[in-house]
Amino acid sequence: MMAESNCQRLRKVRDMYILLPFSLHCVPVSSLAFHLQNLHKILGSLCFSSHMKIPCSFCFKKQTNQEDPEEDNDGTFRVFTHRELKSATRDFHPSQKVGEGGFGSVYKGKLRDGTLVAVKVLSIEVESMRGEKEFVAELATLANIKHQNLVILRGCCVEGAQRYLIYDYMENNSLHHSFLGSELNRMRFSWETRRNISIGVASVLAFLHEELKPHIVHRDIKARNILLDRNFTPKVSDFGLARLLRDEKSYISTQVAGTLGYLAPEYASSGQVTRKSDVYSFGVLLLEIVSGRVVVDAFQDVESFLVEKAWAAYEAHDLIRMVDPLLNTNFPVDEAKQFLMVGLRCVQETAKLRPQMSEVVEMLLSKDMEMESVSISKPGFVNDLRNIRMKQEMDSLEECNSSGATFTSSMWSTTNLAR
Numbered sequence: 001m002m003a004e005s006n007c008q009r010l011r012k013v014r015d016m017y018i019l020l021p022f023s024l025h026c027v028p029v030s031s032l033a034f035h036l037q038n039l040h041k042i043l044g045s046l047c048f049s050s051h052m053k054i055p056c057s058f059c060f061k062k063q064t065n066q067e068d069p070e071e072d073n074d075g076t077f078r079v080f081t082h083r084e085l086k087s088a089t090r091d092f093h094p095s096q097k098v099g100e101g102g103f104g105s106v107y108k109g110k111l112r113d114g115t116l117v118a119v120k121v122l123s124i125e126v127e128s129m130r131g132e133k134e135f136v137a138e139l140a141t142l143a144n145i146k147h148q149n150l151v152i153l154r155g156c157c158v159e160g161a162q163r164y165l166i167y168d169y170m171e172n173n174s175l176h177h178s179f180l181g182s183e184l185n186r187m188r189f190s191w192e193t194r195r196n197i198s199i200g201v202a203s204v205l206a207f208l209h210e211e212l213k214p215h216i217v218h219r220d221i222k223a224r225n226i227l228l229d230r231n232f233t234p235k236v237s238d239f240g241l242a243r244l245l246r247d248e249k250s251y252i253s254t255q256v257a258g259t260l261g262y263l264a265p266e267y268a269s270s271g272q273v274t275r276k277s278d279v280y281s282f283g284v285l286l287l288e289i290v291s292g293r294v295v296v297d298a299f300q301d302v303e304s305f306l307v308e309k310a311w312a313a314y315e316a317h318d319l320i321r322m323v324d325p326l327l328n329t330n331f332p333v334d335e336a337k338q339f340l341m342v343g344l345r346c347v348q349e350t351a352k353l354r355p356q357m358s359e360v361v362e363m364l365l366s367k368d369m370e371m372e373s374v375s376i377s378k379p380g381f382v383n384d385l386r387n388i389r390m391k392q393e394m395d396s397l398e399e400c401n402s403s404g405a406t407f408t409s410s411m412w413s414t415t416n417l418a419r
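Read in order, the letters of the sequence shown are residues 1 to 419 in the UniProt record's numbering.
Just so you know, these hints were derived from the structure itself, not from any lab.
Computed from a prediction, not measured in an experiment: that's the story for all the values here.
A couple of the hints might just be wrong.
Said to hold, decoys possible - Straight line, CA to CA, 27 Å or less: simulated DSSO-like cross-link-like pairs of lysine-lysine:
| # | residue 1 | residue 2 |
| --- | --- | --- |
| 1 | K352 | K367 |
| 2 | K133 | K86 |
| 3 | K378 | K309 |
| 4 | K378 | K367 |
| 5 | K378 | K352 |
| 6 | K97 | K108 |
| 7 | K309 | K352 |
| 8 | K213 | K133 |
| 9 | K337 | K309 |
| 10 | K378 | K337 |
| 11 | K108 | K146 |
Claimed, not checked - DEER-style ranges, computed between Cβ atoms:
| # | residue 1 | residue 2 | range |
| --- | --- | --- | --- |
| 12 | L365 | S87 | 41 to 47 Å |
| 13 | S375 | N196 | 24 to 30 Å |
| 14 | L326 | K97 | 27 to 33 Å |
| 15 | S375 | S269 | 21 to 27 Å |
Yeah, the Cβ is synthetic: ideal placement off N, Cα and C, and Gly gets one too.
My request is simple: use the sequences and hints to build the entire structure.
Here you go:
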């Protein structure tokens, strides 16, 4: 009778996949059938971090009816059908396109229940993609990382060689589009809004760097990856596509994934990435937020960029000239100077001199910090970008010839200078 009862329970979940990481295959599952009615509780008990909530096994609903997929409104990660996404985005009509970045194009979509979503079409070479089950399992794990300043990953879709990511839709687009973009799209941000965005981004980076186990290094912090909801609350995107860092080990990559202008010197030149690389990128972002200027203007001399201008103002004891003139006098002078000083501390050339993100949060929140007494060393200027690009491509070609490694040279294209 017991065996028959277990079989009946197993039949009830025949439309579900249970994906177990290899390292957890040794976990006994003989008693699992006795608890299938409360499967979600079992999965929750297997999480190894109260912050990250990464499940040892992750279940997602398999769409058994491609024509009429089951709706899932409980906010959990799920696999969408390509038919759903085509319907939601009007067959990916150009009018639905709301952005484009290093990982692909983004389209606004409306699901059958009226929910607005952002559909990212990944622009990744077929041969570089992982298997479907591994792809879905890794995304499902990342979808469980929750923070008020992270964009929620709702699901994914696999259609042949193409991969899609489905996120919550952000009404005010990206910080780059709404704040640093063309005059047509640019909004005027008050000092309070700028402060809240700065602190929000710093807080989520501190969370990713220091609270999660294993730590996550974003690797591509920039204005385009800071999305804004209807209340202008910042939401960091693309964090799920970053690599995980365990303990204090660095990851050496022959394929730098960041954006020129935001890259820490050690990352741009050698591919060495640590959490301090993110700190550098945040420092550049902070300078952009306070000044209202893009880090690099692709139509100007690339050696004259925002970090260099901020350092010159600091040396001239005239940091206040870096504040966005659109603010007029509607900002606290001391706090604005403090934010600029924090930005310069983050972009110091020597990585070990840069503060941790938790320290950055404290400095941004402090009302009585004596920044004038803080010693700041010269920033790392990644100003010879074109030579760096050529060197990286040559090094990569040598690796391709010797080991068959692949390299995407397009990431070093001059179009990235303005991103």
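Structure-based check of each hint:
1. K352 / K367: Roughly 25 Å separates the two Cα atoms, so the pair holds.
2. K133 / K86: holds (22 Å)
3. K378 / K309: holds (12 Å)
4. K378 / K367: Roughly 25 Å separates the two Cα atoms, so the pair holds.
5. K378 / K352: holds (13 Å)
6. K97 / K108: holds (6 Å)
7. K309 / K352: Since the Cα atoms of K309 and K352 sit roughly 23 Å apart, the hinted pair holds (cutoff 27 Å).
8. K213 / K133: holds (23 Å)
9. K337 / K309: Holds, at about 14 Å.
10. K378 / K337: The hint holds at about 17 Å.
11. K108 / K146: holds (22 Å)
12. L365 / S87: 41 to 47 Å: Cβ of L365 to Cβ of S87: about 45 Å, so the range 41 to 47 Å holds.
13. S375 / N196: 24 to 30 Å: holds (29 Å)
14. L326 / K97: 27 to 33 Å: With Cβ atoms ~28 Å apart, the hint holds.
15. S375 / S269: 21 to 27 Å: holds (25 Å)
When the structure is compared with the earlier hints, no violation turns up for any of them.
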